[in-house]
Each structure stands twice: as C-alpha cells, then as structure tokens.
Amino acid sequence: MGKLTLLSGNKAVAYGVKLSRVQVVSAYPITPQTPIVEYIAEFVAKGELKAEYVHPEGEHSAIGAALAAALGGARSFTATCSQGFGYGFEVIAQAPAYRAPFVMAVANRTLGWYWALASDYSDTMTARDLGWIQYYVEGCQECLDAVIQLYRIAEDERVLLPAMMCLDGFHISHSSEPVNIPDQAEVDEFLPPRKVYDHTTDPDSKGYVFPVLPAPLHTPYRRMFEEILHRAKDVIKEVTKEFEERFGRKYGLIEEYRVEGADHLLITMGSMSTAAKRAVDKARSDGIKVGLIRVAFYRPFPVEEIRKVIEREGVASVGVVDRAVAHGTRMGPLGLDVLSVLYNLNGKVPVTNFIAGMGGDDVSVNDFMGMIDRLTKSSCPSGGCVRTVYIEHKPPKKAGLVEFKNTVYAPGCQLCAGCGATLVTRHVLRVIGKRSVLVFPPNCVSASIAMHFPSNWMGVPCVLANYAATGAYSRGLVRAYRVRGKKDVKVVAFAGDGCAADIGLQSLSSAAECGEPVLWITYDNEAYMNTGIQRSGTTPAKAWTTTTPVGTVWRGKREFPKDLISIMIAHRVPYIATASPAFLKDMEVKLRKAMEVVERGEGLAYVHIHSPCPTGWRFPESKTVEVARKAVLTGAWPLLEVDHGVFRLTVKPSKLLPLKEYVRLQGRFAHLSDGDVGEIQQVIEANWRRLLELHGKKLF
Amino acid sequence: MSDELPEIPLIRVDTLRSEPTASWRVLKPVIDLEKCRKCWLCVDFCPDGVISKSEEGPVIDYRFCKGCGVCANECPVKAISMVREV
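Chains as they are written, first to last, in the numbering used here: chain A, 15 to 714; chain B, 257 to 342.
For the record, the hints were derived by calculation from the structure and aren't laboratory data.
What you are looking at is a predicted structure, and each value in this text was computed from that prediction instead of being measured.
All C-beta atoms in this analysis are idealised placements derived from N, C-alpha and C, irrespective of residue type, glycine included.
Please note that a few of the clues may not be correct.
[As the list claims (entries may be wrong)] Okay, derived cross-link-like pairs now, DSSO-like style, lysine-lysine, Cα gap no bigger than 30 Å in a straight line:
#, chain 1, residue 1, chain 2, residue 2
1, B, 294, A, 411
2, A, 419, B, 291
3, B, 294, A, 599
4, B, 284, A, 412
5, B, 334, A, 666
6, A, 576, A, 666
7, A, 255, A, 322
8, B, 294, A, 666
9, A, 391, A, 408
10, A, 599, B, 291
11, A, 448, B, 309
12, A, 576, A, 501
13, A, 412, A, 362
14, A, 599, B, 309
15, B, 334, A, 419
16, B, 334, A, 448
[What the hints assert, rightly or not] To give an idea of the interface, some chain A residues facing chain B are shown, with a C-beta separation under 7 Å as derived from the structure:
#, residue
17, 374
18, 417
19, 418
20, 420
21, 425
22, 433
23, 440
24, 473
25, 636
Isolated chain A (complex conformation) (with noise of 0.2 Å):
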C-alpha cells in the first residue's frame, strides 16, 4: 500500500534506488543532481540499504564506475548532470556497448555554454543518439517510479541497456509534492534482484564484452542496436502496463492529455508539461479544441505513438515545445524528431517549434496560453510550414548598485557571511594586484562572479575553466600572454580542494611537472561547499559531511585527508606552500615568493591556503578566524614553505594546543567521542614531529 509522504524529486529519486535494491552506488556532487547521493548517503550511514558507496574523484570516474559495477553483475546507481554529464560523456557513450543494465539519474541542468544552475535539456540531449533509454519524468512520484521500472527495463533480456532517468533540475528535483513510497515487499515482487548473464564480466561466465569491433561490424551492429532500441519499447510497454497493476500508477511511453478532438496538439516533455496541461483546460473551458502530448521515453522515440494521436484526432497544428536548441538547425531537437514523424503523413500538418525555458527559465501557464494562441492563429495555406518562435523573458534588473572604480577588489560578493574564502580571496587580490588572471574551476568563488553578472567583485578579468582543466586553461593563457610579449601578466589558479586534490589533480600535476609558470592557489574548506559539503580529498578524517554522514554504519568520512603538499613536493616545484587567513602578514610573505618564482619563469608556485567554512564545518560565522588559528595552532594545519626544495616551517609554536581547541568549535565533529579526538591528535603530533625534523633541510 506504501505511505505518502512529502517528498522532493531528488528525495524520490533516492527513494526509488533504496526500494530497487541498488547495490553499488557511485556518487560524485554537481548541482541540483547532489541532493540524490546525499540522500542515498543517509541510508547507507544508517544501514538502511545496504551498498557499496564509492566517492570518486569526477563524473569521469563516477559514471565509470557504475558502469563497471553493472558489467561485474551489481545493480548500480549513478546521477550527475550538466558540466558533469559533459565530464563523463566519453563513458556515457561507451556504456551502451557492453550490454550492462544500469541506471543513471539526470537532474537536467544547462550544459555550459554559458553556465547556469537550473533546467534545460542541452546535457542530456547530446546523449540522445547514443543508445540508451532516455525518460523524462514529470513530477515527483514519476521520479521514485521511473527508478524502479527502469532498472525492469534496462535489465531485461530483450534489453540490456543503460537507462537515463532525467528529472528538470530545480523545478523537480528541488520541488516537493506528495509522493506514496510503495513497501518493499511489493517492489521486491515487482522487480526481482540483479540477474547475472552470460556476459557479466567474471570468471566464472562464458565470457564477456570487450567494446572494440572491426569497422565492418560497426554498420551491422548499429543496425541492431536500433533494433533492440526499438525491441525496448514493447518492454517498456509491458513493464508499464504490469507496474499500473501493481501500484495504480499509469506511465507508458507517451502520455495523452485531452487528445479527443483536438485541432491543436502541444508536444512537451518535463516538468513544464504540468503548467501546460492548466492551459489546455484554460484554453478547453474556452472552447479551443487544444491537447497535448507529453513525451515521457524521449529514447527509443515514440514515432508510431505520437503520430496515431495526430491522424486519429484530425490534429490541424502541432505545437512542439523544446527546452534545448539544435544549434544550425533553427529548431530544438525534439522539434525535429517530431517533424521526421510527420514526414509520412498524408495532410501536411503545419509545426510550431517553441524554445522556451532555457537556463532554467520559467515557463508558465500564460506563457503557453501565447503559445496555444499562436497555433489557433497560424495559417499555413499551402500546408507543410515550419516556425520556431523562442519564448523571452526581460531579466529582473539588479537595484541600487554601488560604483567602484579602477579596483581589484569591491565588496558585495554574495558568498556567506563569514566566509573563509571571501577573506583569503580578498588577500589574495590586494596581492596579486591589476597586472593578473584569475582561472577558476567552479568552487563558491567562481560561483559568486556568476551571481554578480553583470559585474564583477574582483577588478581583473577571471576565466571559468571546466573542473579537471583548471591547469591547462592556466597553461594556455601563461602561453598566449608570453607570445604577445605580456611577461607582466600573472596567471592565477585560484581553485577550491575539489579541484586540487580531485577532479583537477591531473591537469595541476601536468602544469607543476612540465614547469609552468602558474600562481596555483588552492583555498582549501575541507570539502565540496559550493554544492553542500560533500566530501573531498581533503576532508579531514571523521569529519562529517553530507556524503559521509553520521549514522549507526557510517560514522563521517573514514581516510585521512590527501596530503598535496606531498604531492607537490613530489613534483620539485620550486615553490610551496600552505597559509592561514589567521596568519596574514606570512601568507602575504608567501604570495610574493610565489609570484617572484612565477615572474621568473621558474615554474609553478604552490600555495595552499586553509579557509575555513562556517556553512561546511557548522561553526558560528564569527569565528572564521579564530578556527583558522586554532587549526594552526593545534598543529591541524602547519604553515610551512618549500623554497627551491628548503622545507621550513614559518610558524613554530613551541607547544601545540590540544586538538579539541579546535575540534571542539566545529560541529562537523560533534560526533567524536574524546577517544577519537585523541586518536587524531596522535596522528597530528607525529606529522608534526616529522615536520620538526625537516625544519631547515632540504627535500629536493
């Protein structure tokens, strides 16, 4: 019978992998799909689904290796969107050659492009030609019943694909309604476990897929990949038609809504189809003969489907609404999928293609009563026409703006009160001075240029670089500016721990290595903030975050923080360093060397920079300073310089405080016990005695 709850689309979502069993899960944070892992987190650190959590270091990896999972025969579980989906295409289009049945979830969100956070199709629908099932849900029970009908789906034998379950960023995975939560028994009746096949890859199978094929099988086998595409959708009709008995929930490949007699047909996907449905009863209660189609499995396309909806009701005009742009076509892609429908019919229906919603912009019920107008009015004598009007909106203008001029630095940021970064960034600026770029990865920094457009609070000009490229969009401008004889300019990275220590290692570890003269600063919060403290590389041990949170299994994050400094030492690049927003006056000392190595040409200077995050760590927004020093001070983050390989430590307490000065301010440790605490105190008093002893040597 289930219970109904209040749940939002990403809740839903979790919800449908717990009821599903999953068994391997793969989580890597992105903005809105991060509520998905978090929540699925939760159940994990509880004991309440009993998986495999993997925290990888990019979507790269993170689609990677819940593909894996599924070819080594587990049910896995994914989710990511936009830069991440982009991120992991090269998996995404590898997945559908192994035959191994997994689902991912979508929190649809701009493919940047310009970046924005909220809804459009332009990730997902780069992967609509490359084999997997695609569903685009509506609401938020849709999200919880997708989950488990795909995994139905997708591991059937007939099947055996990837499935993607797309839910609008924002406007569903961050929107509640209320949603029944069937009872597991009745899932388990409906979705049996993980079946292993003949080509799970595994020893103890006849063998497997390794996806290479000669160039003449390559025809063939798409051929046949269309057919079991095409095969997928008399499942999919079975496995809808078995779920509404189930659980009374009807879904199918298409949805109709008051279809009978309509001379105008909407053909919508998402999220926006709810407020196009409230038009088409404005615009029926008016006497307009209007209805819509609602294209829930996008992939394989329900050509047959939409088109007996048109050649039964007579449809005069079609209407076809888009949250993606087919750049060079002047038409969205589902614009064009539903024209090659229309191709083979007898009258020639005229189509309206609308863009509408990018970014995340609205659309509303007024928007598609314009739209409904439009089509009752579009005459097309000689049949056959095609239009494409773009639904706009003026964006709301930002008030009372205060001027600064010829600065580097003007406050007014939007990051929080309090912040860590906003205080070393500040710095830092005043620092590095006019003559810079600044490249930043996306971290809470970047994030608030984003929200200051269209200014800036930092008076040189910045680059958005894509996550795990943020070294070699520094290299490229350390390169352009020394071929235009600009050797004043300074590049500056200026990336968060997520960056550094995880999605962009390899691109800072090719930088340092082949010597390029790049400022990189690393402003280190202990965890991915700007999404909501997950954790990241350097996440201290037993913290909590919300990707390793506290519950009867899980007590926060297990390993100890990855230690870059190592790393970069490793690399012998001629300057490194860690810094305190506590400690100005020496992190100023040690921004200027940096740049006299970076000014020279020496090579890549290091400097890595403790920011502490009142949000993130749950300390009081006044203490951003004094947890900064205690860290300091307790021995938790050493200041210390590796100069032309000369390791010193720059502030030398001559006895460290006792850690829980420092835990104790911070709620993402208000778990440990003065057990724990005390355990990491051992490992912070032995790292420092070994740092005692390099005191003055040299490393390299």
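Place chain B on chain A using the hints.
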C-alpha cells in the same frame, strides 16, 4: 528583445558594481572608539573588507557589512559589540 542585448556579454574590468548586502544583517557591529586602540585587526580580518582606517578609528561601510561578527570576535580590546538590528 534580443536586439537590446550585446552579442558578447562583456564584464568590465575598470568599473565594478555591487548590490548592497546590508539586508543580510541580523547583528550590526558597533565600534566603541574610546576603547579602540587602532590595531586595525578588524580592517585586516573583515572577510568582506568593509572596514577602513580613519584618523578617529575604523569606519564600517554598513552598505556592505553582512554582520558576521568576525571583527567583534577578533578585537583584542572588545571595542566592537554586535547589536541586534532586526
């Protein structure tokens, strides 16, 4: 409507414009200039850099002060108190 927008959405380097953040504040830092010893730690440690030096002592730009209270926490002579504003 798209005619009004520049083809290249340029962000100017020479002029910065910011929306005031005063409305974020719950507590407002108030400096007691009699107690202040002009050590300027508040100027250095204000995350948002809204405190500047003057002959009389530190001056807070309340248009942009977010009310975090780092200045009051760091003041060695407790010359800054946080006063409830809303």
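Going down the list of hints, with the structure as the test:
The straight-line distance between the Cα atoms of residue 294 of chain B and residue 411 of chain A is roughly 40 Å, outside the 30 Å bound, and the hint therefore fails. A C-alpha spacing of about 34 Å is found between residue 419 of chain A and residue 291 of chain B, which places the hinted pair above 30 Å, so the restraint is violated. Simply put, residue 294 of chain B and residue 599 of chain A have alpha-carbon atoms about 18 Å apart, close enough for the 30 Å limit, and the pair holds. A distance of roughly 24 Å separates the Cα atoms of residue 284 of chain B and residue 412 of chain A; the hinted pair therefore holds under the 30 Å criterion.
Of the pairs offered as hints, the one joining residue 334 of chain B and residue 666 of chain A holds, with about 27 Å between alpha carbons and a cut-off of 30 Å not exceeded. For the suggested pair residue 576 of chain A and residue 666 of chain A, the alpha carbons sit about 23 Å apart, so the restraint of at most 30 Å is met. For the given pair, residue 255 of chain A sits about 19 Å from residue 322 of chain A by alpha-carbon distance, which is consistent with the 30 Å threshold. Annotation: proposed proximity of residue 294 of chain B to residue 666 of chain A holds, straight-line Cα distance about 27 Å (limit 30 Å).
Taken as a hint, the residue 391 of chain A and residue 408 of chain A pair is honoured in the structure, with Cα atoms around 25 Å apart against an allowance of 30 Å. Of the supplied pair hints, the one linking residue 599 of chain A and residue 291 of chain B holds, its CA atoms being roughly 25 Å apart against a limit of 30 Å. With a C-alpha separation of about 22 Å, the suggested pairing of residue 448 of chain A with residue 309 of chain B holds against the 30 Å cut-off. Under the criterion of a C-alpha separation no larger than 30 Å, the hint pairing residue 576 of chain A with residue 501 of chain A is inconsistent with the structure, at around 34 Å.
Annotation: proposed proximity of residue 412 of chain A to residue 362 of chain A is violated, straight-line Cα distance about 47 Å (limit 30 Å). Restraint check for residue 599 of chain A and residue 309 of chain B: the C-alpha separation of about 18 Å stays at or below 30 Å, so the hint holds. Only pairs whose Cα atoms come within 30 Å are accepted, and residue 334 of chain B paired with residue 419 of chain A is rejected, the gap being roughly 34 Å. Between residue 334 of chain B and residue 448 of chain A, the direct Cα distance comes to roughly 36 Å. Violation of the 30 Å bound is thereby established for this hinted pair.
About 17 Å separates the beta-carbon of residue 374 of chain A from the nearest beta-carbon of chain B, more than 7 Å, and the hint is not met. With its C-beta approaching chain B no nearer than about 5 Å, residue 417 of chain A sits inside the 7 Å limit, and its interface hint holds. Residue-level restraint check for residue 418 of chain A holds (minimum Cβ-Cβ distance to chain B is 4 Å; threshold 7 Å). Restraint check, residue 420 of chain A versus chain B: the minimum CB separation of about 6 Å is within 7 Å; hint holds.
This hint holds: residue 425 of chain A has a C-beta 4 Å from the nearest C-beta of chain B, less than the 7 Å allowed. With its C-beta approaching chain B no nearer than about 6 Å, residue 433 of chain A sits inside the 7 Å limit, and its interface hint holds. At about 5 Å, the closest approach between the beta carbon of residue 440 of chain A and any beta carbon in chain B falls short of 7 Å, and the interface hint on this residue holds. Checking residue 473 of chain A against chain B by beta carbon gives a least distance of about 6 Å; that is within 7 Å, so the hint holds.
A least Cβ separation of about 3 Å between residue 636 of chain A and chain B falls short of the 7 Å threshold, and the interface hint therefore holds.
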